[in-house]
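In case you want the letters, here they are:
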Amino acid sequence: MKLTCLLGSAVCALSLNLATAQAETLTYAYQGDVQGLDPQALNETFTLGFLGNIYEGLTAYDGDMAIQPALATAWETMSPTTWKITLREGVSFHNGNAFTADDVIFSWRRALTEGSDQKGRARLIEDIEKISDHEIVITTAGPVPTLMQDLVFFYILDEDWAEANGATEATSVADTNSANYANLNTNGTGPFALVERQSGVRTVLERFDGYWTDIPGNVTEAVLTPIQEDPTRVAALLSGKVQLAYPIPLQDWDRLKQTEDVRVMVTPEARTVYLGMDQMRATLERSDVTDANPFKDIRVRQAFAHAINIPAIVDRIMRGSASPAGLMVAPQVTGFDPALNDPYAYDPDQARDLLAEAGYPDGFELQMDCPNDRYVNDEMICQAVVGMLARIGVTVDLLAQTKSKYFAKILAAGGYDTSFYLLAWTPSSMDAYEVLNLLMSCRNQEATTGPFNLGGYCNPEVDALTKQIAVEVDPAERQALISRAFEIAKEDYGYIPLHQQPISWGLANGVEAVQRADNVLDLRTVTIAQ
Amino acid sequence: MPALILKRLTESILVLLVVALIAFLLFRFVGDPVSSMVGQDTSLSDRAALRDALGLDDPVLVQFGRFLANVVQGDFGVSYRHRIPVADLLAERLPATLELALVATILAISVGILLGVYTAIHRRKPLAQLIMTGSLIGVSLPTFLIGILLILVFGVWLRWLPTYGRGEVVDIAGWSTGLLTASGWASLVLPAFTLALFQLTLFLRLVRAEMLDVLATDYIRFCRARGIPAKSLYFRHALKNTLIPVITVMGLQIGSIIAFSIITESVFQWPGVGLMFIQAIGDADVPVMSAYLLMVAFVFVAVNLAVDLLYVQIDPRLRHA
Numbered sequence: 001m002k003l004t005c006l007l008g009s010a011v012c013a014l015s016l017n018l019a020t021a022q023a024e025t026l027t028y029a030y031q032g033d034v035q036g037l038d039p040q041a042l043n044e045t046f047t048l049g050f051l052g053n054i055y056e057g058l059t060a061y062d063g064d065m066a067i068q069p070a071l072a073t074a075w076e077t078m079s080p081t082t083w084k085i086t087l088r089e090g091v092s093f094h095n096g097n098a099f100t101a102d103d104v105i106f107s108w109r110r111a112l113t114e115g116s117d118q119k120g121r122a123r124l125i126e127d128i129e130k131i132s133d134h135e136i137v138i139t140t141a142g143p144v145p146t147l148m149q150d151l152v153f154f155y156i157l158d159e160d161w162a163e164a165n166g167a168t169e170a171t172s173v174a175d176t177n178s179a180n181y182a183n184l185n186t187n188g189t190g191p192f193a194l195v196e197r198q199s200g201v202r203t204v205l206e207r208f209d210g211y212w213t214d215i216p217g218n219v220t221e222a223v224l225t226p227i228q229e230d231p232t233r234v235a236a237l238l239s240g241k242v243q244l245a246y247p248i249p250l251q252d253w254d255r256l257k258q259t260e261d262v263r264v265m266v267t268p269e270a271r272t273v274y275l276g277m278d279q280m281r282a283t284l285e286r287s288d289v290t291d292a293n294p295f296k297d298i299r300v301r302q303a304f305a306h307a308i309n310i311p312a313i314v315d316r317i318m319r320g321s322a323s324p325a326g327l328m329v330a331p332q333v334t335g336f337d338p339a340l341n342d343p344y345a346y347d348p349d350q351a352r353d354l355l356a357e358a359g360y361p362d363g364f365e366l367q368m369d370c371p372n373d374r375y376v377n378d379e380m381i382c383q384a385v386v387g388m389l390a391r392i393g394v395t396v397d398l399l400a401q402t403k404s405k406y407f408a409k410i411l412a413a414g415g416y417d418t419s420f421y422l423l424a425w426t427p428s429s430m431d432a433y434e435v436l437n438l439l440m441s442c443r444n445q446e447a448t449t450g451p452f453n454l455g456g457y458c459n460p461e462v463d464a465l466t467k468q469i470a471v472e473v474d475p476a477e478r479q480a481l482i483s484r485a486f487e488i489a490k491e492d493y494g495y496i497p498l499h500q501q502p503i504s505w506g507l508a509n510g511v512e513a514v515q516r517a518d519n520v521l522d523l524r525t526v527t528i529a530q
Numbered sequence: 001m002p003a004l005i006l007k008r009l010t011e012s013i014l015v016l017l018v019v020a021l022i023a024f025l026l027f028r029f030v031g032d033p034v035s036s037m038v039g040q041d042t043s044l045s046d047r048a049a050l051r052d053a054l055g056l057d058d059p060v061l062v063q064f065g066r067f068l069a070n071v072v073q074g075d076f077g078v079s080y081r082h083r084i085p086v087a088d089l090l091a092e093r094l095p096a097t098l099e100l101a102l103v104a105t106i107l108a109i110s111v112g113i114l115l116g117v118y119t120a121i122h123r124r125k126p127l128a129q130l131i132m133t134g135s136l137i138g139v140s141l142p143t144f145l146i147g148i149l150l151i152l153v154f155g156v157w158l159r160w161l162p163t164y165g166r167g168e169v170v171d172i173a174g175w176s177t178g179l180l181t182a183s184g185w186a187s188l189v190l191p192a193f194t195l196a197l198f199q200l201t202l203f204l205r206l207v208r209a210e211m212l213d214v215l216a217t218d219y220i221r222f223c224r225a226r227g228i229p230a231k232s233l234y235f236r237h238a239l240k241n242t243l244i245p246v247i248t249v250m251g252l253q254i255g256s257i258i259a260f261s262i263i264t265e266s267v268f269q270w271p272g273v274g275l276m277f278i279q280a281i282g283d284a285d286v287p288v289m290s291a292y293l294l295m296v297a298f299v300f301v302a303v304n305l306a307v308d309l310l311y312v313q314i315d316p317r318l319r320h321a
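The listed protein sequences correspond, in order, to chains D and W.
In terms of full-length UniProt numbering, the first sequence opens at residue 1 and continues consecutively.
In terms of full-length UniProt numbering, the second sequence opens at residue 1 and continues consecutively.
Note that these hints are calculated values from the structure, not bench results.
Virtual Cβ for every residue (Gly too), placed ideally from N, Cα, C.
Treat the hints with care, since some could be wrong.
Residues on chain W that point at chain D, a partial pick, calculated with CB under 7 Å [what the hints assert, rightly or not]: (1) S35; (2) D52; (3) G74; (4) I148; (5) I151; (6) V156; (7) R159; (8) V301; (9) N304.
The following label-pair restraints were derived from C-beta to C-beta distances [unchecked claim]: (10) W:A49 with D:R391: 43 to 51 Å; (11) W:A48 with D:E491: 45 to 53 Å; (12) D:P69 with W:L102: 50 to 58 Å.
Far from chain W, some chain D residues (derived; all Cβ distances over 10 Å) [stated by the list, open to error]: (13) D252; (14) R263; (15) M280; (16) K403; (17) E434; (18) P451; (19) A464.
With the sequences and hints as input, model every part of the structure.
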């Protein structure tokens with residue numbers, strides 16, 4: 001009896017819910033979950049992208065990754081190191097508190113606390129001076145021409161709310177005594193407010209009525225469900241349980257295209273997939289060449305570059321959906337130069353000649369590192385590369401493994417233990433400087449420059465140019481320097497860029513959304529046909 | 001009896017310690033937790049500071065000692081990924097796994113025994129032979145495939161049942177249950193069946209084999225000769241004696257239903273501890289992995305203890321042993 005009552009009321013509640021929610025509820029599935037709600041705890045694109053519906057920074061990206069005013073309405077440089085920023089008036093947080101300059105200063109200080117993963121961004125700023133409630137002056141240690149881009153994912157929290165709830169410091173994993181309030185609750189200025197959060201199960205957002213501007217889309221409620229397994233995620237879309245699911249594996253496209261109720265939407269991601277080679281060690285780690293490091297010879301790097309059939313990888317493995325790359329940055333990234341984007345040409349004969357010239361007429365053996373669950377078809381790309389290199393006589397022992405093991409081996413913590421590897425990169429500031437600084441500058445002992453230059457590619461000219469780019473404020477001058485740096489690196493065959501991988505979303509018919517090149521879903525852009 | 005229990009308890013604690021240590025030694029090979037805890041442009045010195053704060057550079061035995069000391073105080077640490085206490089995470093996820101395991105176990109035992117008895121008594125009937133053939137599918141198809149097939153047929157083609165998640169849940173004194181809502185039950189059907197299928201066929205075949213043995217014994221023949229009614233003969237006299245080996249296997253299988261619901265949970269995105277464990281492996285989230293493995297070891301130990309005590313109840317000869 002009791003059971004039927006409960007059952008009845010639950011069914012009642014459910015149907016009531018359906019009646020009021022109507023068609024503006026978006027249910028969607030992503031392969032992972034938001035890793036906590038504290039906007040300063042983790043610097044990861046999916047988490048920050050999701051939180052961007054709740055929180056806002058001073059600036060934001062539009063659908064084409066162009067920078068737009070958000071909580072700042074205007075900014076200008078008074079000198080190369082000082083920025084005057086006008087803050088938007090009439091903005092309120094979800095709890096009703098007004099947004100002011102104090103909140104910006106508070107958020108910056110909070111981002112410097114121990115648990116924060118936004119320390120890198122926060123350290124770009126030396127000081128923030130409050131002129132009035134809606135005007136601040138930011139001082140940087142040196143010129144930071146990309147500052148407003150760097151601050152897109154730098155979200156503003158409400159000082160009073162954080163103080164009232166004991167969340168004035170970023171959520172730290174070293175603090176075992178308490179669960180940080182800001183990791184479980186939110187209070188932003190964004191278009192959506194948090195309604196329900198069950199970690200790993202579902203997260204529900206509801207449109208915030210007091211938002212400062214109109215929202216183009218018609219979604220009033222959004223339910224995010226993480227679905228880890230590809231077949232389960234695709235099935236959820238096909239069965240109509242979710243209206244949007246991503247990523248959709250390439251091999252499922254044909255099936256989805258044959259289904260009437262759903263469609264696939266594809267855009268190239270701003271992520272460049274590339275191959276790197278160890279040019280630093282005296283000899284390679286696992287190779288039959290024991291007296292030299294073949295990659296120190298440019299002819300060997302050239303041979304590798306020309307042995308790889310990029311169009312074939314794009315056509316067969318990426319099903320025609322990737323864009324072949326000649327540069328280490330994608331077209332959406334500031335500093336991209338279309339004149340330099342032709343990939344290295346496929347020419348196996350020339351590759352064999354170059355290898356012979358370099359003293360390896362019969363090729364040699366080496367190990368390749370590859371992730372198998374990080375990028376689109378990553379292991380398949382590596383297998384193809386292994387086959388292509390075999391044709392010029394190079395025997396590659398492929399070590400493809402799960403990402404946590406892969407990164408533990410090849411990154412600094414593992415002592416850069418790799419000779420030849422596949423990696424991909426999206427600069428989080430959407431600016432070429434990040435790639436030049438992190439991937440292409442010479443790696444020094446403490447790796448303050450080039451920490452992710454795993455192969456240790458090093459050209460002093462590129463280094464000098466990168467240092468100039470860091471502080472050059474004139475856009476035209478800056479572009480010239482960036483182009484020059486990329487040109488030199490290209491002539492050096494320092495890296496072998498392959499392609500930009502596709503972002504692939506599955507949508508139910510009637511659902512429209514803007515697909516951003518960083519794979520972020522901005523709920524404001526979603527419309528559901530009535 | 002108390003001496004037996006005490007002996008078993010001491011053994012159990014030893015087993016738990018050994019499991020924890022082995023698990024901990026293995027964690028050195030799951031990868032680098034720090035790289036999934038920070039963003040790509042976090043500097044190397046910030047990474048090193050985090051590594052230091054978490055004590056990841058300490059020798060494994062030091063880390064293990066620290067872990068044990070905390071566990072004894074009921075502190076399982078903070079999840080590297082979710083940045084909330086592991087104990088909270090476990091408490092949040094455990095109801096889902098236990099409910100799924102409970103329903104799957106009931107399904108496996110009841111249907112397994114019924115079909116086992118039926119196929120033993122009527123072993124020459126076509127239906128019994130059909131059941132036996134069908135049961136081969138249950139033992140031979142991998143769980144993952146069964147799950148995907150069920151999703152395809154009942155979720156995508158027929159659209160009868162939900163393909164993922166737990167449906168609506170009701171919170172009762174901190175226990176979130178899906179057993180009180182219609183959508184909760186609908187969501188439970190496919191994963192529970194998937195999880196139960198292997199155990200079900202196992203029980204079926206075991207009960208059948210045991211039952212056939214028992215039915216061939218002298219005492220059953222004497223019972224028949226005395227004219228004891230078939231129902232009483234089968235269920236009071238025969239079935240009872242087939243149950244001892246069945247209970248042993250059942251006990252072990254209940255443990256593995258809970259422990260190895262991992263695959264079923266990830267196919268159906270069932271938000272239980274198994275799914276949590278899979279995610280933790282992907283992120284090298286060591287505190288979550290250690291807590292999960294300890295919990296699983298505890299379940300196995302507890303179930304085995306219970307099985308030992310049940311023997312004593314069922315078989316009177318053991319009481320004096």
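Hints, one by one, checked against the model:
no.: 1; hint: S35; result: holds, 4 Å
no.: 2; hint: D52; result: violated, 9 Å
no.: 3; hint: G74; result: violated, 12 Å
no.: 4; hint: I148; result: holds, 5 Å
no.: 5; hint: I151; result: holds, 5 Å
no.: 6; hint: V156; result: holds, 5 Å
no.: 7; hint: R159; result: holds, 6 Å
no.: 8; hint: V301; result: violated, 26 Å
no.: 9; hint: N304; result: violated, 30 Å
no.: 10; hint: W:A49 with D:R391: 43 to 51 Å; result: holds, 46 Å
no.: 11; hint: W:A48 with D:E491: 45 to 53 Å; result: violated, 35 Å
no.: 12; hint: D:P69 with W:L102: 50 to 58 Å; result: holds, 55 Å
no.: 13; hint: D252; result: holds, 12 Å
no.: 14; hint: R263; result: holds, 16 Å
no.: 15; hint: M280; result: holds, 16 Å
no.: 16; hint: K403; result: violated, 7 Å
no.: 17; hint: E434; result: violated, 7 Å
no.: 18; hint: P451; result: violated, 5 Å
no.: 19; hint: A464; result: holds, 22 Å
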